[in-house]
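Residue numbers (the working numbering), protein chains in the order written: chain F, 1 to 112; chain E, 113 to 271; chain R, 272 to 390; chain X, 391 to 911.
A couple of the hints might just be wrong.
Stated by the list, open to error - Quick list of simulated restraints, FRET-style, between CB atoms:
{"no.": "1", "chain 1": "X", "residue 1": "T675", "chain 2": "R", "residue 2": "Y274", "range": "36 to 42 Å"}
{"no.": "2", "chain 1": "F", "residue 1": "E3", "chain 2": "E", "residue 2": "M207", "range": "18 to 24 Å"}
{"no.": "3", "chain 1": "E", "residue 1": "S163", "chain 2": "F", "residue 2": "F102", "range": "37 to 43 Å"}
{"no.": "4", "chain 1": "F", "residue 1": "V110", "chain 2": "E", "residue 2": "M207", "range": "50 to 56 Å"}
Unchecked claim - Straight-line alpha carbon distances no greater than 27 Å define the calculated DSS-like cross-link-like pairs of lysine-lysine that follow:
{"no.": "5", "chain 1": "X", "residue 1": "K730", "chain 2": "X", "residue 2": "K508"}
{"no.": "6", "chain 1": "R", "residue 1": "K389", "chain 2": "X", "residue 2": "K700"}
{"no.": "7", "chain 1": "F", "residue 1": "K80", "chain 2": "R", "residue 2": "K384"}
{"no.": "8", "chain 1": "X", "residue 1": "K770", "chain 2": "X", "residue 2": "K605"}
{"no.": "9", "chain 1": "F", "residue 1": "K81", "chain 2": "R", "residue 2": "K383"}
{"no.": "10", "chain 1": "E", "residue 1": "K268", "chain 2": "R", "residue 2": "K389"}
{"no.": "11", "chain 1": "E", "residue 1": "K185", "chain 2": "X", "residue 2": "K700"}
{"no.": "12", "chain 1": "X", "residue 1": "K862", "chain 2": "X", "residue 2": "K730"}
These are computed hints drawn from the structure, not numbers from a lab. Positions of the beta carbon are idealized from the N, C-alpha and C atoms, including for glycine.
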Amino acid sequence: MLETTGGYWSPIVWIVAFIVAFLMAYIMWGMGEKKHAKGEQEKPFLSGQDEPSKEAVHVRAGNIYWGFTETLSGYYDFMKKIHTGIINDYVLWLLGMAAIFFLAIVLPGVIM
Amino acid sequence: MNDENGEGLSPIVKIISGMIFPFIMIFSLYVIMHGHLTPGGGFQGGAIGASAIVMLIVAFGARHTEKRAGEEKLSLFESIGGTLFVLVAILGFIMAATFMSNFLVGSAIFGEIPPFGSNPGILNTGGILPILNFAVGMKVIGGLSAVVLAMALVSKEDD
Amino acid sequence: MIYNIPFFAVIILIAVGMYAVIFRRNLIKIAIGITIVESAVNLFLITLGYREGGVAPIYTNLPANVVIPGGMVLPVPQALTLTSIVIGVAVLALMLSFIIRIYQYYGTLDSKKVRRLKE
Amino acid sequence: MNVDWLLTHSPALLIAIPLLAAFLTPVIDRINKKARDAFVIIVLIIAEIIMIALAWDVFTGSAHIYTMGASSPTATIPAQAAVPIRIVLEVDGMSAFMGLISTTVSLAAGFYSLAFVKKETGQGRYYALLLLMLVGMLGMEFTGDIFNLFVFLEVLSMASAALIAYRFYYGDAVEGAFKYCVVSSLGALMVLFAIGLLYGQYDLLNMAALAKVMKYTTLDRIALVLLIAAFAMKCGAVPMHMWTPDSYTVAPAPITAMLVAASQASLYALFRICFSLYGLTLDVTTVGIIIIALGLLSMFVGVTMALPQKDIKRLMSYHAVSQTGYMLLGVGVGLYLLGKPDFDTYGMAAMEGGIFHIINHALYKGLLFLTAGAIFYKVKTRNLNEMGGLAHSMKFTTIFFMIGALAIAGIPPFNGFASKLLIYESAYHVSPILSIIAMLVSIITLASFVKVFHSAFMGPPMENAEEGDVPKSMIIGMAILTVGIILFGLFPGWVVSNIVHPAAQALAAQAGYIGSVAGGA
Numbered sequence: 001m002l003e004t005t006g007g008y009w010s011p012i013v014w015i016v017a018f019i020v021a022f023l024m025a026y027i028m029w030g031m032g033e034k035k036h037a038k039g040e041q042e043k044p045f046l047s048g049q050d051e052p053s054k055e056a057v058h059v060r061a062g063n064i065y066w067g068f069t070e071t072l073s074g075y076y077d078f079m080k081k082i083h084t085g086i087i088n089d090y091v092l093w094l095l096g097m098a099a100i101f102f103l104a105i106v107l108p109g110v111i112m
Numbered sequence: 113m114n115d116e117n118g119e120g121l122s123p124i125v126k127i128i129s130g131m132i133f134p135f136i137m138i139f140s141l142y143v144i145m146h147g148h149l150t151p152g153g154g155f156q157g158g159a160i161g162a163s164a165i166v167m168l169i170v171a172f173g174a175r176h177t178e179k180r181a182g183e184e185k186l187s188l189f190e191s192i193g194g195t196l197f198v199l200v201a202i203l204g205f206i207m208a209a210t211f212m213s214n215f216l217v218g219s220a221i222f223g224e225i226p227p228f229g230s231n232p233g234i235l236n237t238g239g240i241l242p243i244l245n246f247a248v249g250m251k252v253i254g255g256l257s258a259v260v261l262a263m264a265l266v267s268k269e270d271d
Numbered sequence: 272m273i274y275n276i277p278f279f280a281v282i283i284l285i286a287v288g289m290y291a292v293i294f295r296r297n298l299i300k301i302a303i304g305i306t307i308v309e310s311a312v313n314l315f316l317i318t319l320g321y322r323e324g325g326v327a328p329i330y331t332n333l334p335a336n337v338v339i340p341g342g343m344v345l346p347v348p349q350a351l352t353l354t355s356i357v358i359g360v361a362v363l364a365l366m367l368s369f370i371i372r373i374y375q376y377y378g379t380l381d382s383k384k385v386r387r388l389k390e
Numbered sequence: 391m392n393v394d395w396l397l398t399h400s401p402a403l404l405i406a407i408p409l410l411a412a413f414l415t416p417v418i419d420r421i422n423k424k425a426r427d428a429f430v431i432i433v434l435i436i437a438e439i440i441m442i443a444l445a446w447d448v449f450t451g452s453a454h455i456y457t458m459g460a461s462s463p464t465a466t467i468p469a470q471a472a473v474p475i476r477i478v479l480e481v482d483g484m485s486a487f488m489g490l491i492s493t494t495v496s497l498a499a500g501f502y503s504l505a506f507v508k509k510e511t512g513q514g515r516y517y518a519l520l521l522l523m524l525v526g527m528l529g530m531e532f533t534g535d536i537f538n539l540f541v542f543l544e545v546l547s548m549a550s551a552a553l554i555a556y557r558f559y560y561g562d563a564v565e566g567a568f569k570y571c572v573v574s575s576l577g578a579l580m581v582l583f584a585i586g587l588l589y590g591q592y593d594l595l596n597m598a599a600l601a602k603v604m605k606y607t608t609l610d611r612i613a614l615v616l617l618i619a620a621f622a623m624k625c626g627a628v629p630m631h632m633w634t635p636d637s638y639t640v641a642p643a644p645i646t647a648m649l650v651a652a653s654q655a656s657l658y659a660l661f662r663i664c665f666s667l668y669g670l671t672l673d674v675t676t677v678g679i680i681i682i683a684l685g686l687l688s689m690f691v692g693v694t695m696a697l698p699q700k701d702i703k704r705l706m707s708y709h710a711v712s713q714t715g716y717m718l719l720g721v722g723v724g725l726y727l728l729g730k731p732d733f734d735t736y737g738m739a740a741m742e743g744g745i746f747h748i749i750n751h752a753l754y755k756g757l758l759f760l761t762a763g764a765i766f767y768k769v770k771t772r773n774l775n776e777m778g779g780l781a782h783s784m785k786f787t788t789i790f791f792m793i794g795a796l797a798i799a800g801i802p803p804f805n806g807f808a809s810k811l812l813i814y815e816s817a818y819h820v821s822p823i824l825s826i827i828a829m830l831v832s833i834i835t836l837a838s839f840v841k842v843f844h845s846a847f848m849g850p851p852m853e854n855a856e857e858g859d860v861p862k863s864m865i866i867g868m869a870i871l872t873v874g875i876i877l878f879g880l881f882p883g884w885v886v887s888n889i890v891h892p893a894a895q896a897l898a899a900q901a902g903y904i905g906s907v908a909g910g911a
């Protein structure tokens, strides 16, 4: 039981609720038609084509979120541009951030 | 210029560096042993000692040095130095109150308490400091020369 | 004023070292740049402990009849510098051995070409 | 040798034993390889046991002080002096908490390494450096002396850099190590310069004594800038994170898990500097906003960069950056609210969330990197496009990966959910935008791990994959972390009130930190 500022979180209660919900779903599922025995399912109908093999339809990692990266291509192009992989740039980023912190932390003290 | 092994410098350099080698080592030992009295100590003395071995690498070539004082041997020397250092520090628990306590003060080994005022430097003082200096010296001699030897051997791999 | 000059040297050395690290593309020059910055920081530490006319702090006790006008310089920054030098040796050795290996595998020391890992 | 003696000396013992073992390992390696493996594991187990005992004592009692070389461990101020001049180890709640993480991850990495590096050369030095990494982490976390912090930071950096380049025959491993070495040594030099600035003003190196006299002058501000920049870089905050994916990707998997704990030691140093060294003297609003901004940037950029990656370890490395953002956000909110009336409610909850997230992250990200290593061990590639169907042969690894992935995405009932919940709720109080971004990042995290799970474990089995799972010692290493995840997930209330709260309290209460070393605040 974890008390948070807005309420509480208890994994035990969550697991009990999960099991109850799972059992209910399982019972409902068991009440359905039992016409098909295992192994007798029909093959999917693909406009008369043969079903392609599992190897042929497995989506490879590079293509899974193609749509997402394509939509945000402006952002990703920018990100690729700054992730150069050159050690000089890494040091430049470090110094640049130090300069920004300098402006934010030291300058107010000097001005006042 | 080269001898039959195809590496190293001329015989003059080899003989002279062979003659100087023990003297540099003795000087290194001197700096290490007087670490608690004069500027210097384990690291500086160890660096001098390592430079003697580096001189051998330059004069005789890396492969020849590897046969006589191999990287494995030097690393072992280094490990023994490190172990000695930590062991002396741990003895502080057992012999006195805390880690790194100077438990040798007042004892016969390096335990003499120096008289007030300027003195010519009494070697038998400092408690565990001379021992720690010695351990650091061993570690630096072993480590530094092993590093240079390894680098020399790796850059030889090309040709 | 004259005792502030080392601090200017520190600033100049840091600038030179950083210039080498940021704008030089040769990996060995980058390593040299880091060593220069490190020397600058060491110089800074040593200068902090300096006293005008001070002597080296290697007495056990000062004799009663001897007066040193400047006193002793502060030994703590010297100990810090020594530690930092030892660390610097290790860093330099490690970087140089990496550079040797990089040269073996990439055949170049140009930092713009040593970038198989990016994005 | 009774328990009291052991507890009194445990801070020094925890550093001394792995250090001694690190020097002894190459010697034992020359005698017998099996003995060396057993020796390393025994040392890691001893360190873990001592650490648990010490942590328990600290959480239930008070902070442990240990003065090196003094007549008694608590004699911090020598008779002739007015300020602490010896090296002081100070183990308060936060230090003990971080120490627990370091030893646990090291133990898992040690077990895992037994099989993982079996075919490599130079294993004696591998284990010596692994133990030195543990020494560096524990030293950074325990020390009360700012110069010692620098020394242990360098010990940690050098050992890590050498281990990243351990499989130097891959070429790019050396590149990653070189990049790590350059940025971390520059960062360490910034820290040293800041130490010089502080020492020049106050003639002190002890953090508690420094905190007592801290005036927040312009020079102090410059030192703070240098320290924040260096440690934020070392913990991998965007936009100084570029070294993180480079070095995490090429390191051997157990070392990557250790590197996660190592960057958290830097995170600890950042928090220690902000809270204990400067405390309320600094401008908490400005610095708090800076840390929150770093956290938000890290979370968002890290996770979006992770999504399109094709290299499994590179993807996970970007997630490590992203998860570091959560910790920065949580503790940054705490720092922002420090000294304000809301601190006792929302600020404390945010800090608890951030600190709880540190240990959760070390557990599940360590586990995920170990599973990535197991995949690499089997299929000899890190490219996700070339994998598939590994669930057919690697049953244990699949289960471990699923647990780790669900935990990192914050799916209940695993531990990631509890800490993220604390962060969401308290950050919402500062600004709802913070919580919204944090939740969005959590969703993308889940999406990218679905991608890894789909492409590595699902689908038809690979043609050239070997049968069977990885060796037993690797499974033990992963199981240690999995048990931690499940326990922390099932009992978050107990963990927060007994482990996390003392740690957050130790950070927030600067007076306690000063008082225990330098006498009354």
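TODO: List in ascending order the numbers of the hints, as given earlier, that are violated by the structure.
DONE: 2, 5, 8, 10, 11, 12
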